[in-house]
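Novice: Residues per chain are reported as follows:
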Amino acid sequence: GNSVTQMEGPVTLSEEAFLTINCTYTATGYPSLFWYVQYPGEGLQLLLKATKADDKGSNKGFEATYRKETTSFHLEKGSVQVSDSAVYFCALSSPNFGNEKLTFGTGTRLTIIP
Amino acid sequence: EAQVTQNPRYLITVTGKKLTVTCSQNMNHEYMSWYRQDPGLGLRQIYYSMNVEVTDKGDVPEGYKVSRKEKRNFPLILESPSPNQTSLYFCASSLSAGEQFFGPGTRLTVL
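First to last, the sequence lines map onto chains A and B.
Counting the first sequence from 1 gives a position; the working numbering is that position plus 129.
Counting the second sequence from 1 gives a position; the working numbering is that position plus 1.
For reference, chain B alone in the conformation it holds in the complex:
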């Protein structure tokens, strides 16, 4: 089954404790992206990757890092999480422009 998976689905952590949210897709897509969803703001792009070893900033990259060492994986790293990073995070992948497949989401709470 074609899918994008994310782990964990739910995470509660404390300020400053490094964490990684994993994302994996089995569709051989070149393009992958991370979004965060906040009430009243819709979804905003954090980082994207056009292919292995090619990543770039989206609209709200501050406080986040990503890597793309393999085509299927695109982890999101919070080196020192802060409460304003409490949000719902979605990973997405795409073969063609615009038609993106989304993961189930990771709800992160930073205390």
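Chain A on its own, in the form it takes in the complex:
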């Protein structure tokens, strides 16, 4: 079955540091890949997505590239801010008979200190 493995947290960085959160996946077919972000006390919000190999998703300074050869979708940001503190989830979707279920990783808690 499908699965997502992401970097264990928590991750603590200083403001303006470079961020990488690793994500690898196992899936049948050609999944779409996503990063969702969960701010304290809120639901999940889509951060970025990529729907085919070599696509790069980007939003709010975050980027991730769909690497089929390494089955990876690592999240990066060049200079993090305190406001980026949140839990980040890598996820994939491989629709199966109409079920658009998202398969999530376990989440990575990121804390940015001033």
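Keep in mind that the hints were calculated from the coordinates and are not lab data.
Keep in mind that this is a model prediction, so the values were computed, not measured.
Wrong hints could be hidden among the right ones.
[Unchecked claim] Just the calculated beta-carbon pair ranges, DEER-fashion:
#, chain 1, residue 1, chain 2, residue 2, range
1, B, Ser68, A, Gly170, 25 to 33 Å
2, A, Leu142, B, Glu71, 25 to 33 Å
3, A, Gly158, B, Ala3, 38 to 46 Å
4, B, Val15, A, Arg196, 45 to 53 Å
5, A, Thr134, B, Asn8, 33 to 41 Å
6, B, Glu31, A, Lys181, 21 to 29 Å
7, A, Tyr168, B, Glu31, 32 to 40 Å
8, A, Ser214, B, Glu31, 29 to 37 Å
9, B, Gln4, A, Pro169, 38 to 46 Å
10, B, Ile13, A, Thr240, 22 to 30 Å
11, B, Lys19, A, Leu142, 43 to 51 Å
12, A, Glu145, B, Pro84, 30 to 38 Å
Ideal Cβ placement from N, Cα and C applies to all residues, glycine included.
Place chain B on chain A using the hints.
Specialist: Okay, now just chain B, sitting in the frame of chain A:
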């Protein structure tokens, strides 16, 4: 404003007392889904619905029921809650594959 709403946001109850968590979306989405979030496990799908009157089990359906009588509403029903159903629950809806919109969550504690 496009949104998914859930009620209640917080609920403490006792074992065996039936409860319903409501979910409503105003985006005319056909697909809706319920997830539960537990530490170290990420989010797992409980039930989903592809359209009105069409529902099916996700990965962890035991102890839950759902219904989809109207397109906008997708309530989650716990007929006889147990402590292992203590969790954070999210409703989601989607128009296209994968890009799902999530509600704010319902934190349920079953004593």
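Novice: Could you run down the list of hints and mark each one as holding or not?
Specialist: Right, here's what the structure says about each hint:
1. B:Ser68 to A:Gly170: 25 to 33 Å: holds, 28 Å
2. A:Leu142 to B:Glu71: 25 to 33 Å: violated, 45 Å
3. A:Gly158 to B:Ala3: 38 to 46 Å: With a Cβ separation near 29 Å, Gly158 of chain A and Ala3 of chain B fall outside 38 to 46 Å, so the hint is violated.
4. B:Val15 to A:Arg196: 45 to 53 Å: Since Val15 of chain B and Arg196 of chain A have Cβ atoms about 49 Å apart, the given range 45 to 53 Å holds.
5. A:Thr134 to B:Asn8: 33 to 41 Å: Since Thr134 of chain A and Asn8 of chain B have Cβ atoms about 34 Å apart, the given range 33 to 41 Å holds.
6. B:Glu31 to A:Lys181: 21 to 29 Å: For Lys181 of chain A against Glu31 of chain B, whose Cβ atoms are near 24 Å apart, the range 21 to 29 Å holds.
7. A:Tyr168 to B:Glu31: 32 to 40 Å: violated, 28 Å
8. A:Ser214 to B:Glu31: 29 to 37 Å: holds, 35 Å
9. B:Gln4 to A:Pro169: 38 to 46 Å: violated, 19 Å
10. B:Ile13 to A:Thr240: 22 to 30 Å: holds, 29 Å
11. B:Lys19 to A:Leu142: 43 to 51 Å: The hinted range 43 to 51 Å holds for Lys19 of chain B and Leu142 of chain A, with Cβ atoms some 46 Å apart.
12. A:Glu145 to B:Pro84: 30 to 38 Å: At roughly 44 Å between Cβ atoms, Pro84 of chain B and Glu145 of chain A fall outside 30 to 38 Å, so the hint is violated.
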